[in-house]
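> Chains as they are written, first to last, in the working numbering: chain A, 1 to 171; chain B, 1 to 318.
Be careful, since some hints might not be right.
[Unchecked claim] Straight-line C-alpha distance at most 16 Å; calculated EDC-like pairs for lysine to aspartate or glutamate:
| # | chain 1 | residue 1 | chain 2 | residue 2 |
| --- | --- | --- | --- | --- |
| 1 | A | Lys87 | A | Asp128 |
| 2 | A | Lys165 | B | Asp200 |
| 3 | A | Lys165 | B | Asp221 |
| 4 | A | Lys81 | B | Asp189 |
| 5 | A | Lys165 | B | Glu265 |
| 6 | A | Lys166 | B | Glu180 |
[Unchecked claim] For each label pair, taking beta carbons as the anchor points, the in silico distance ranges come out as:
| # | chain 1 | residue 1 | chain 2 | residue 2 | range |
| --- | --- | --- | --- | --- | --- |
| 7 | A | Glu64 | B | Ala203 | 29 to 35 Å |
| 8 | A | Asn110 | B | Val248 | 36 to 42 Å |
| 9 | A | Thr97 | B | Lys107 | 27 to 33 Å |
| 10 | B | Asp274 | A | Thr97 | 28 to 34 Å |
FYI, nobody ran anything at the bench for these hints, they're computed from the structure. For every residue, glycine included, the Cβ atom is placed at its ideal position computed from N, Cα and C.
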Amino acid sequence: MKSGLNFIAIGLFLFAITACKTSKVNKDAVMAGYVSGNYEIECMGTGMDGTQLVKVWGFGTDPEKAAYQARKNAVHAVLFKGINAGKPGCMTRPLVTQPGAEELHREFFNTFFTDGGRYLSFVSMANDGTVDRIKMTSKEYKVGSVMSIRHAALRQELEAAGIIKKLGQGF
Amino acid sequence: MKKQIFILLLMTAWTSLFAQAKKPTLMVVPSDNWCIKNGYTATFDEMGTLKTIPDYKLALQNETDLLMTIGKINTLMADRGFPLVNLETAIKNMEQESAEVSMMSSKAGSNLIESPIDILQRTANADIIIQLTYVINQEGPQRSITFMLQGLDAYTKKQIAGAQGTGEPSFATQTPVLLEEAVLAHIDDFNSRLQQHFDDLFANGREVVFQSRVFDGSPIDLEEVFNFKNEELELGEIIENWISENTVQGRFSTTTYTQNVIRFEQVRIPLYDDKGRANDTRRWLRDLRNLLSKNPFNLTSKIYTRGLGEVWLIIGEK
């Protein structure tokens, strides 16, 4: 009887740990789509003045959602990661270099990256719209496409919002 | 009276509120390496030793690609709200000024006085030099460009920003297109690093070099001992203490200390003085000169500045 109780207690303990972990994962996913940092991005070259071309991948439950996530990822990479793979010609340093700025200006970025949000003004498909599509599981797609990011305009937007400084601000 | 005090306070507050630090000037120049490799040099005899220096004027007159690259960088920097000094214009202005100085005279026939040091200082200069180097690489039918921008602090001699890399090899691309792509590819990374330097400047003060020297007609040198604030100290040590008290977090390092020269490097001076006004090396050092002119020192000294970043205090004469 005692060993049975012990078994139940251990079972409950393990269940509690699993529940906590799942809740953390869900919380991250709910926080904002752009928080997930496991996307792939590579430089495809320099575009016209103030733009750069990247190939970026997104994940989603259907190909359309994955394509939208890829757009977010492209803007997110220019803002917070820099583009360090692929051909030369892209910014290897991110626009936002202040540590913890993503958390500090959380409200701004949550609004910026909402579905259909401002981020869409700074990214566009760079080719005829063809995408690479991989079916990962029965419920997950991975979609990659070449996009053009207006990083100069993006920088100006962040400068206007006071998130990054203008070059030589204070002089 | 109260009204006058109020107005004075208001003016002080206004000055403090809108005070801006002295803006450093930036200029793009081709590197010595590029000039020498492309044959744009001038040679002169300096006390029996032949010296080769870059000839910027000749390079700008002959190399359209160079002119275009400098122009592109200048345009992009102006778009960022940070216009640069244009090398070509600076050279022309310098020549024009030389001509005007030599021709100008008063109605009575007096000419302008210009010491050798004035002539020496009348050069195209900037506080930060953006040194440009590029090489066109040819590999079979393919061409690529290796491009390098170095932001050099003209006074501390430190590289404060940089961006470099080799572009994608291409079969058909012309040199101007390769160069334009290279500028577009690197300028933002370069500016990001430059901004980091400016942030450091605002946080820790402007880094300058300070030298204290002695005129040969001076009755004393820097090892002369004075009783100052109840301490027996050498003049050099008194200057050192003053620097420690008047730098951001007391940051400086003494690199040379002799009876005739003391050189302080990495001296971090505040961007604003105690009244909230923009500071520069001359303004910063004025208090030390005033201190030395009083008891127990009673010394005459001369402040000599080299741009925004280096200042000398020469003791003994004006």
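> Against this structure, judge whether each hint is valid.
Going down the list of hints, with the structure as the test:
Between the alpha carbons of A/Lys87 and A/Asp128 the distance comes to roughly 21 Å, so the proposed pair goes past 16 Å and is violated. For the suggested pair A/Lys165 and B/Asp200, the alpha carbons sit about 13 Å apart, so the restraint of at most 16 Å is met. In summary, the hint linking A/Lys165 to B/Asp221 is not supported, as the alpha carbons are separated by about 47 Å, beyond the 16 Å threshold. Taken as a hint, the A/Lys81 and B/Asp189 pair is honoured in the structure, with Cα atoms around 13 Å apart against an allowance of 16 Å.
A distance of roughly 29 Å separates the Cα atoms of A/Lys165 and B/Glu265; the hinted pair therefore is violated under the 16 Å criterion. With a CA separation close to 23 Å, the supplied pair A/Lys166 and B/Glu180 exceeds the 16 Å bound. A beta carbon spacing of about 46 Å between A/Glu64 and B/Ala203 contradicts the range 29 to 35 Å that was offered as a hint. In this structure the hint that A/Asn110 and B/Val248 lie 36 to 42 Å apart at CB holds, the actual value being about 37 Å.
Hint check: A/Thr97 to B/Lys107, Cβ distance near 60 Å, so the stated range 27 to 33 Å is violated. For the pair B/Asp274 and A/Thr97, the supplied restraint of 28 to 34 Å holds, since their beta-carbon distance comes to about 32 Å.
The structure fails hints 1, 3, 5, 6, 7, 9 (numbered hints given earlier, in ascending order).
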